[in-house]
Amino acid sequence: MRVLLTRALFYIITAFAAITINFFLPRMMPGDPIERMLVRFQGQLSPEAVFALRKLFGEGDDNLWTQYWAYWGNIFRGDLGVSISAYPASVGSMIGQGLPWTLGLIGLCTVLSFAIGISLGMLVGWRRGSWWDGLVPFTTFLSSIPYFWFGIIMVYLFAIILHWFPLSGGYQAGLMPGWNGDFITSVVVYGTLPAITIVISSVGGWLLGMRNMMVTTLSEDYVLLAQAKGLKTSRVRQRYAGRNAILPSLASFAMSLGFLVGGSIVTEVVFNYPGLGYTLFQAVNQQDYPLMQGIFLVITLTVLVANLIADFVYVMLDPRTRQEAH
Amino acid sequence: MTTPPTAATFTAPRRRTRSTNWMGGLRSGKIILGSVVFLFFLLVAIFGPMLVQSDPSQVSNDVLLPPSPEHWFGTTHTGQDLFAQMVYGTRVSMFVGIVAAFFGTLLSLIVGLTAGYVGGIGDELLSVLSNIFLVIPGLPLIVILAGYLPNTGSVGIVVVLAITGWAWGARVLRAQTLSLRNRDFVEAARVAGESTARVVWGEILPNLMAIVASSFLAGVTGGILGQAGLAFLGMTDVTEWSWGGILYWAQNSSALLFGAWWWFVPPGLAIAIVGTALALVNFGIDEFVNPRLRAAGLGTRKGTSTQMRRVRRPLGGRPRRVLEDAEFTEGEPVLRIDHLTVEYQGKTDSLRAVDDVSLTLHRGEIVGLAGESGSGKTTLAYAVTRLLRPPAVITGGEITYTGRGGEAVDVLGLDDRELQAFRWSEIAMVLQSAMNALNPVLSIGEQIEDIFIDHHIALSRAERRARAAELLTTVGIDPNRLDSFPHQLSGGMRQRVMIAMALALKPRVIIMDEPTTALDVIVQRSIIEEIARLRKQFGFAVLFITHDLGLLLEISDRVGVMRKGRLVEQNTPAALLERAEHDYTRHLLRSFPSLRSENDLVASRYVEAEEVVR
Chain A
1 MRVLLTRALF
11 YIITAFAAIT
21 INFFLPRMMP
31 GDPIERMLVR
41 FQGQLSPEAV
51 FALRKLFGEG
61 DDNLWTQYWA
71 YWGNIFRGDL
81 GVSISAYPAS
91 VGSMIGQGLP
101 WTLGLIGLCT
111 VLSFAIGISL
121 GMLVGWRRGS
131 WWDGLVPFTT
141 FLSSIPYFWF
151 GIIMVYLFAI
161 ILHWFPLSGG
171 YQAGLMPGWN
181 GDFITSVVVY
191 GTLPAITIVI
201 SSVGGWLLGM
211 RNMMVTTLSE
221 DYVLLAQAKG
231 LKTSRVRQRY
241 AGRNAILPSL
251 ASFAMSLGFL
261 VGGSIVTEVV
271 FNYPGLGYTL
281 FQAVNQQDYP
291 LMQGIFLVIT
301 LTVLVANLIA
311 DFVYVMLDPR
321 TRQEAH
Chain B
327 MTTPPTAATF
337 TAPRRRTRST
347 NWMGGLRSGK
357 IILGSVVFLF
367 FLLVAIFGPM
377 LVQSDPSQVS
387 NDVLLPPSPE
397 HWFGTTHTGQ
407 DLFAQMVYGT
417 RVSMFVGIVA
427 AFFGTLLSLI
437 VGLTAGYVGG
447 IGDELLSVLS
457 NIFLVIPGLP
467 LIVILAGYLP
477 NTGSVGIVVV
487 LAITGWAWGA
497 RVLRAQTLSL
507 RNRDFVEAAR
517 VAGESTARVV
527 WGEILPNLMA
537 IVASSFLAGV
547 TGGILGQAGL
557 AFLGMTDVTE
567 WSWGGILYWA
577 QNSSALLFGA
587 WWWFVPPGLA
597 IAIVGTALAL
607 VNFGIDEFVN
617 PRLRAAGLGT
627 RKGTSTQMRR
637 VRRPLGGRPR
647 RVLEDAEFTE
657 GEPVLRIDHL
667 TVEYQGKTDS
677 LRAVDDVSLT
687 LHRGEIVGLA
697 GESGSGKTTL
707 AYAVTRLLRP
717 PAVITGGEIT
727 YTGRGGEAVD
737 VLGLDDRELQ
747 AFRWSEIAMV
757 LQSAMNALNP
767 VLSIGEQIED
777 IFIDHHIALS
787 RAERRARAAE
797 LLTTVGIDPN
807 RLDSFPHQLS
817 GGMRQRVMIA
827 MALALKPRVI
837 IMDEPTTALD
847 VIVQRSIIEE
857 IARLRKQFGF
867 AVLFITHDLG
877 LLLEISDRVG
887 VMRKGRLVEQ
897 NTPAALLERA
907 EHDYTRHLLR
917 SFPSLRSEND
927 LVASRYVEAE
937 EVVR
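Heads up: the sequence lines are chains A and B, in that order.
Count the first sequence with my numbering and you get residues 1 to 326, in order.
Count the second sequence with my numbering and you get residues 327 to 940, in order.
Keep in mind that the hints were calculated from the coordinates and are not lab data.
Keep in mind that a hint or two might mislead.
Facing chain B, according to a computed beta carbon distance under 8 Å, are these residues of chain A, among others [to be verified]:
#1 25
#2 281
#3 314
#4 316
#5 317
Note that CB positions come from ideal geometry on N, CA and C, so glycine has one too.
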């Protein structure tokens, strides 16, 4: 398990880096954001909000070092500060509202698109040189499309022209969120179009990567031997070629989660989906800096956890990484 | 955002002159098509705004008009000309993409080269740094950065995109530099005392160009997409026209609800087309760098059925020195290869790897096949159970196997299902390098049990395992090793596992392709003894392929010698030693040190008679 420990250590370093960036970013920004905020809100800010702002931007009596320590303390207590646009709501509670939606939509779609892309890529690589190759330029085109633009096209076709799906939102207005049939059905209906958008725009990358690895793996001797053994075609393809070809894809899965999450976040804006991406967008528009930073931090930490899970699966699939067992 | 370039499938580029390098790549249709499209957009970006008369921000009364001769791309809700906006937008989007990619690639080149070349603690730190940048989600970070800088112009966006986009390229470049650094020609340059700068500039950088190019192109796509995302969110200067900016105005002016498809379709389409064009160029580079990607797959019609399509050709009455099979009739024949011809078919010409070879294996016999590399002996071995892959095609001859009940099986005529059942139960194989021939992610037990499952041997799970354990015991391996993975075994053990696997279905023929070549002499000896013992026990016939003629003379009942695809001679070891008929055989016999022979090794360079004449 040394591999996993090393990886975990790396994620801890990364989390440390992200939190540090988060601390210094507002303090390094040019100009005086607080003055700007005060002018913008023209005295509507309560003294507590102004205090929260000053704390964020590092004004006050404490030196930088003390502030940095205090910041860490707050993070471990789960205190991400106070939202300015939705004062007096805490940043933590705002994120708590958005996170389940984002985890549900983007988490599910990412896994789904990985699974679909890998399976299709396996087939396309296996049948390299046949008409399946026609999928390659097509998926290349799909993966070059900006997610949010594809979202707009989907909304235009399926919500505005065909009326098959609702235009925007996460669930039908007027329903109370809860574990009941109506609400869940509504979530599924509202989530379908964003989900299709994300899956279709991200599936191409996996497909191409897997296809290339598959083609490379097919020239390995163990695939030849598997064929010589008279194994079923499906077994040779999946257990001998596929199992090996999937490993690099899994490694890059972990590495590209950050990319994917970024693309999906803009998609939320197109659909006014009540997740973290949309909240982040609003926070930026309203210059709600504490909220912006809280969201960045939570997204980063979530991606790190997802990475760790992907690494865990990798170790499960590749016995060479758990060498010291014997 | 984009997914990063496909998991670095770059194989080692060999050192070639650079001009031929790129000429080869440029001939690819993908690269040409992609470059032409990209160039078109580049020209529009440079010259377009000079040629378009109308001002993209000019408001008019032609409100929300669909495309027409006056307004090629239609108009917005304030009557602005969308064609003009697209042309001006092309300039900004392409500029941001290219400049961001340039600086991003420069950063990744600096970091990647330094990390890969310097190594040590510097490498560790830089690797961790680039991994951190990879793992941290880029777009939210960009959004926040842009959020802090109100009304960010293109320059700010370029900086932000370059800072957040270099990590992937650095990672790939580091790995490649690392592998290049240890290559012979770099070592040679260093030993020769060339300065670090010269080594990096003259030896390493030229070999990184393909990767640098592909990471630059991926960076352009990433930059254009990133700019579009930010502009769409309204985080750039929205009065500056860009593809994302047009989409921002379309979204905020409810273009969707008006049904103004001409407003929001062109910008996204342009992004997708540029991205596809660049990806095509990258495919071309990829396929050029990694030739494996050009090979046909296994599941294709071409891949499976070329092995059974028999194009019968009249066989010329070439004088044959090969002894007639009738002279070896000690046992009944199990495998007859008749006039077999295998060709590697190129686009214009083809190469005969196996040329009209006839060979018979009798029950329980060890037939050795010797020959230098490239003589076609391995191709012949794979042809027997039709394992050849394109472009190798069996173009003539017959392979007949005699079953246990005396029935003749036309191996080249079997359909896929019959072939699968035939393989391994009648003819099994032992391949050269057991490390590569065993699946690294399955335990050896699983790899043995798969045989029983797919050959429909009616066994319970426990019985399968017991049989696999029994097989391991047969070749002298502790059955506890069933759950071991190939990397946990020594080379000799892996080879024994391969032999155990070959015995699984008690085949009547085992083809062994250089089974001992990768092993040291002592292990080699024990494996050979094992094979001899097992043959006595199970009575299978062996087709033993190796370049080691000395070994063959010792263990074989009969030895065949192959040269340039032809079986030039076959006879018993004793007969060969005493009166080899073919010059080449005599040459081979001379070229290994023998206690009995006093021939000079150095002098024995074989030159074929006809070559001398020429």
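### Message
Given a cut of 8 Å on the nearest C-beta pair, is the interface hint for residue 314/A held or broken against chain B?
### Response
This interface hint is violated because 11 Å lies over the 8 Å limit.
### Query
Does residue 281/A pass the interface hint, meaning its C-beta sits closer than 8 Å to a C-beta of chain B?
Nearest chain B Cβ about 6 Å off; hint holds.
### Query
Would the stated hint for residue 317/A survive a check requiring a Cβ distance to chain B of less than 8 Å?
holds, 6 Å
### Message
Does residue 316/A hold up as a contact with chain B if the rule is Cβ-Cβ below 8 Å?
### Response
With Cβ-Cβ at 10 Å, over 8 Å, it is violated.
### Message
Just to be careful: measuring from the Cβ of residue 25/A to every Cβ in chain B, is the smallest value less than 8 Å?
### Response
With a closest approach of 7 Å, the residue 25/A hint holds.
When the structure is compared with the earlier hints, violations turn up for hints 3, 4 and for no others.
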